[in-house]
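Q: Listed below, chain by chain, are the residues.
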Amino acid sequence: MNKTEHAEVELRGFDRHPLDGDAKSAAAPTDFELLQKQVAALAAQVKLLQDYVAEVRQARPDVDRGLLEYDWFVQRFRRWLADILPSDARVLVATRGDHALLGIPDRHAGHFPQDDRAGYAGFYPADDTAAIGHLEALRHEGYDTLVFPEPAAWWLEHYTGLRQHLESNYVETAGHLPCRLFDLRPRADRPPFDDMRLDRVFAQARRSLGREPDVLDWVTGAKLRERFPTLAIAEFSGNALPHIDHSIDIVAIPDDKPSSMREARRVAAWVVVVIADGLVVKTESVAASGPTPSASQVTVMHVQEPLGSGRIVTNRMTVDEDSSEDVLVWMSSGVVAVPGAMAPLLATLQRFPQAGVVGGRILEFSGRLYHAGGAMGVDASLRSRGEGNSSPDDPRYAFVQTVDYCSSLFMATTRGAFEAAGGFDSAIPYGPLRDADFCLRVQDHGYSIYYQPESVAVCSAALSRALRASAGGTDLRRQRREFAARWKTVLQSRMPRGDVWGT
Amino acid sequence: MKALIGSTRMPEYDRECGSKRIFDVVQILRDAGWDIAYVARDDEGRDRYARALRQDGVLTYAGFDKLTNEFLAQARFDIAILAFWHVAEAWLPRLRRVSPATRVIVDSIDLHFLRSARGVFTRPPSDAVATALPVKIGDEFVRELNTYAAADGLLAVSPKETSLIADLIGNPHAVRCVPLCEELPRSPLPFAERRGVLFVGNFWHQPNVEAANHLVSDILPRVNPRLLAEHPLWIVGNASDDKVAQLGLAPHVHVVGWVPSLLPYLSRARVMTVPLRYGAGTKGKLIQSLAVGTPVVSTSVGIEGLDVMDARDVIVADDAAAFAKSIETLLTNEEVWVRLADRGHTHMAANHSHEVVKERLLNAIEHFRTRSHPLMFSAPPWAATYEQVCDATKAAIERNVPPGAAVAVISKGDEALLKLDNRRGEHFPQLRDGRYAGSYPADGKAAVKSLERLKARGVDFLAVPRTALWWLDYYKEFAAYLERTGSPVFRGDDCVIYGLSAEARRVASATTQPQADTRRKRRARTVPRDIEELRPRIVASGDALTGNRTKPCALVLGIYLCGQPNNAADEIATLRASTQCVLDQRWVALGGPAPANLAEVTVASVLEKTPKFEILNRLIGSVQLADYDYLVSIDDDIVLPHGFLDAFIALQQQLGFALAQPARTSDSYLDHPIVEQQRGLIARQTRFVEIGPVFSMHRSIFDLLLPFDVTSSMGWGYENVWSYLLQQSGLKMGIIDAVPVCHGLRKSVANYGWHQADAERTAYWARHPHLTLDQCFRVTDIVGLPEGSHA
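Residue numbers (the working numbering), protein chains in the order written: chain A, 1 to 503; chain B, 1 to 791.
Here chain A stands alone, though its shape is the one from the complex (with noise of 0.2 Å):
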């Protein structure tokens, strides 16, 4: 066994978390004889890395000594990694373009960026809605696993946006490791469609309040300021409430002790929610318009007929007489929406009573926008906003505004609304012109076309690559012919809302 191969043994013992596997039947060793363990490992570590470097140098002195580093990081990275990994992940990792990194030893492994042929992107994301809607496309192609190796540990610096994301909703493997690690497999104690019961209940206040929920964080250890930054939370640290009675919707507990509860009862207005280990463990109601079930219902529709051009269309739809939805979430397979994407959508159908129909923001497989609301010219000329621009976050497309149409990639409309405009128009088989028609007939019957920024979605590889295939059908100048033809004098007689920002 050279020196190399004795090092790699080592440090399969050395990064192995104390209290998995075999570490879990030994005695429990206290904090001091753990950190003496892991001083000694890591001088161990060292003098191995010294050792090898010396090797290599005196067999090649032309070799620099930072990239032997970084070779022997890579050899240590690999090697844990396959280690750790049951054998059926499948692995994202932070390459930086460098393939090196991906020879996990049985294991698939794909850049992170990549591009839609599984290539690395050549760069990097844009700003954070463009790292994580490519990430969750990624998921979406099966990938279970993050890792950010140490050189590439301040994606989570710079990515603020992307680390809430993964803390939120994913969990991070924990350990002595080169590297940071998410397992991006669903949490098991979240349901889906909602990012955690926390979520739930900011939503139910919101739906009984008619508007945000006030907070008062009472020493939960929960960083509800940090998590959910768009609330009006304040903090308190001390051991009784100055506040008085009644005064904040709803007071975050860490415990349910008697005197805490007290405490708390007495100041909230709607409810008590108790925070353990930053999950909400109980509720108590302190109004009579406590948490409930809501009162709307909410369909996915899940579109998924190819039709014609290679877009996705459907047929013409209508609601069944009987069914009770006030809400149709419209959603193409191959469009994956992000955590969080839905509430968004409602709350803006709840928000604004003309609002028939809300889009969403859509983006590419590689995080490049794709649609941020349409705009349509006099000459029935349809233009997506933002289509390729490769910074989604662009405050030009990051505010709520009303829009001429939206895509059916993702969008929601009101049943008022479906129903009133008919449904889409299956002979327009090309999908941009069909939702044209379709939100012109919702806004024939007053109603109004919203864009929201907060509802993202993100398209799977191969519907990027439909949607660019797409761009020109056979028949499509026919198609445009027709649907000019039948709106020309709405088109005309209307004001043109026009390219007010240079989207």
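Calculated from the structure, these hints are not laboratory results. Everything numeric in this text was worked out from a predicted model, so none of it was measured. Note that CB positions come from ideal geometry on N, CA and C, so glycine has one too. You may find that some hints are simply not true.
In silico EDC-like pairs for lysine to aspartate or glutamate, Cα to Cα no more than 16 Å straight-line [said to hold, decoys possible]:
id, chain 1, residue 1, chain 2, residue 2
1, A, 47, A, 69
2, B, 445, B, 414
3, B, 358, B, 183
4, B, 732, B, 690
5, B, 66, A, 393
6, B, 66, A, 127
7, A, 223, A, 235
8, B, 66, B, 42
9, B, 66, A, 394
Across the chosen pairs, the derived CB separations fall in these ranges [to be verified]:
id, chain 1, residue 1, chain 2, residue 2, range
10, A, 51, B, 667, 25 to 35 Å
11, B, 553, A, 484, 52 to 62 Å
12, B, 424, A, 35, 52 to 62 Å
13, B, 222, A, 161, 48 to 58 Å
14, B, 74, A, 426, 35 to 45 Å
15, B, 769, A, 53, 51 to 61 Å
16, B, 769, A, 142, 31 to 41 Å
17, B, 171, A, 161, 40 to 50 Å
18, A, 488, B, 159, 53 to 63 Å
19, A, 492, B, 667, 53 to 63 Å
20, A, 150, B, 431, 45 to 55 Å
21, A, 484, B, 170, 50 to 60 Å
22, A, 282, B, 159, 47 to 57 Å
Fit chain B to the given chain A structure using the hints.
A: Chain B only, in chain A's frame:
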């Protein structure tokens, strides 16, 4: 209609009154159908408030620098409402220059000079703080008033401040009163169900800190303790620090800190207190309290600017004993309490409701939009070339003023004009601390006086850019003074430079003479001392070219800018060290004669400003291209790694790239993320190679791409066409990561106009089939470093 609204931060409407005011203005305009862009000076704001705006349909930018001049010009804002004078002071010059048709309205919120002065004069004599106004406050007063006078309109929150500003700037038509807005529901709780005394304040604001101290230390001890036990004091507000928290140690005092909603406190307290001893503007807390129907005890300062009267709407008490007595009265006398609650609520509904404020605000805006103003002007004829005037002025200064000298520039506040190589630039006119004065001198005499002050401080030259030549017509005395005591050392189309003393003129004259030694020294300074620190390293080389049958011939074409910092000398020396290529370097000096150290490789000097690709076409036309294997175009603002040419050409040859560029190091200016060096890679085959700072063409594409079509003379859009042509021809192109260059000296588009280049690109694309940028930004293959070696 479009409005730009600017302030120091995102409007934290539930934390402080000034922010609430801005938030109300945004909402009123939005409800009235305006499209609104909001820009906050601070780029780190609370996300919640930015989100609130975005969800209300407002385009938001955090950080003034995020708003580009292009956006400002294209957006064509009808109005800009800038909150606080210091925000307006920073923005006015830029808005005037970039968007001259935009009417600029300053919302004073409160008069800062008034608050500052009172903060000094109203302190008790025993305070250790000086009781005379410091000069700093005087300077700020001048700047504040100058800013108000330079705006197209002003908003004040009270009739009193409206009148004061109008008097001071001598223009009653320029100011309109738009009061603070409060639309809180009246509390349904009667006297018997109210409990407690309330103090509300944002503790970032020093008057509130002092008022809370005054209340707890001087007033509360005079209140009947039994009453206080029944009605404790709640201190509520943003940013309560440890000092404020200490107040909670007093009996019957609760320091709550910030709460998301004040309404529960306002509607359940029996008495609101406003014990302010100084301040300005109107007090939002007083308005809120009266709107809810909670009677108020206030000092005279607290009710300032509001049309409320002692005993009719509120109780006014200016000393501690009377204040304490008034609190007791309102805690115990139901009849007085009910009368004041009713009256206060009615008064606020009539003067501060949403509808009232909305009407006043929209009327004021309409007034300012339609009123002619002496400062309003349409876009001046030179607006499109302002950048060129600046550049020419700076170049003239550097040519005609000796290094180390101080030059005053009639700058109109533009800092860019003062960024001079090795000379000290000073604003003219300026304040004592050197900042731009913010206004023009009142007359020629004042201008002369200002200049003399600068002369006394060692300023020997005055530069008058073309945009300020009107000074010499308008300020006759000033022009005569310059003729009498100074004389021009340079007079050109774009600027005039005066030497203000005989000595200055003599030195300038010596400077402008062509002394080779001086020039060499100046050139030498243009290469940064730490160039070696910037120098990138080659990560991997191709196989040695010496193994080839013959050495490849490389034609290197470069352009360097005279009179500007550049790295040409270093680049030339680095290229010259090539041992494996037959090298022919041909450089052009742009904007001046070639310096001696570069003369050997300089084949021409071009004095007129000429686009890069026109010059390259001329150079290409002067050689037999067929004699060369590679054509390398190189800019003068990069740092090359040692051994660049040999390593780069070797790799380009081995990879079969017909068109290639080196990657840019991560510390470079990066126009496109794809060109950043990727570690662990030798190269990436792409559909994108940029037009600079370095690109290399293999002879196989000379006929395909050359000569350059100078429809786009700065080369914008070439990448898209090149990419298309190579794709059609089945040729490869790529970015070589292993041989990077550092592009850190100048940003792109630093020496020509964005608009013109953009327009040319559009015309160019119309003439040539091309790929979209999205299609170009593709990596189609990568070549990694050999595993294990990485060297």
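Q: All hints are to be evaluated individually against the structure, with a verdict given for each.
A: Hints versus structure:
1. A:47 with A:69: Holds, because 13 Å separates the two Cα atoms, which is no more than 16 Å.
2. B:445 with B:414: violated, 24 Å
3. B:358 with B:183: With a Cα-Cα distance of about 12 Å, the restraint between residue 358 of chain B and residue 183 of chain B holds, given a limit of 16 Å.
4. B:732 with B:690: Judged against 16 Å, a Cα distance of about 14 Å means the pair holds.
5. B:66 with A:393: holds, 13 Å
6. B:66 with A:127: Distance ~15 Å between residue 66 of chain B and residue 127 of chain A Cα, so the pair holds.
7. A:223 with A:235: Holds. Residue 223 of chain A to residue 235 of chain A sits at ~10 Å (cutoff 16 Å).
8. B:66 with B:42: holds, 11 Å
9. B:66 with A:394: This hinted pair holds, its Cα atoms lying about 10 Å apart.
10. A:51 with B:667: 25 to 35 Å: At roughly 34 Å between Cβ atoms, residue 667 of chain B and residue 51 of chain A fall inside 25 to 35 Å, so the hint holds.
11. B:553 with A:484: 52 to 62 Å: holds, 58 Å
12. B:424 with A:35: 52 to 62 Å: holds, 58 Å
13. B:222 with A:161: 48 to 58 Å: holds, 53 Å
14. B:74 with A:426: 35 to 45 Å: With a Cβ separation near 40 Å, residue 74 of chain B and residue 426 of chain A satisfy 35 to 45 Å, so the hint holds.
15. B:769 with A:53: 51 to 61 Å: Taking Cβ atoms as reference, residue 769 of chain B and residue 53 of chain A lie about 53 Å apart, which means the hint holds.
16. B:769 with A:142: 31 to 41 Å: Holds - the Cβ-Cβ distance for residue 769 of chain B and residue 142 of chain A, about 38 Å, lies within 31 to 41 Å.
17. B:171 with A:161: 40 to 50 Å: holds, 48 Å
18. A:488 with B:159: 53 to 63 Å: Given range 53 to 63 Å: holds, Cβ gap about 55 Å.
19. A:492 with B:667: 53 to 63 Å: The hinted range 53 to 63 Å holds for residue 492 of chain A and residue 667 of chain B, with Cβ atoms some 54 Å apart.
20. A:150 with B:431: 45 to 55 Å: Given a distance of about 51 Å, which is inside 45 to 55 Å, the answer is holds.
21. A:484 with B:170: 50 to 60 Å: At roughly 59 Å between Cβ atoms, residue 170 of chain B and residue 484 of chain A fall inside 50 to 60 Å, so the hint holds.
22. A:282 with B:159: 47 to 57 Å: holds, 55 Å
Hint 2 alone, counting from the list given before, is not met by this structure.
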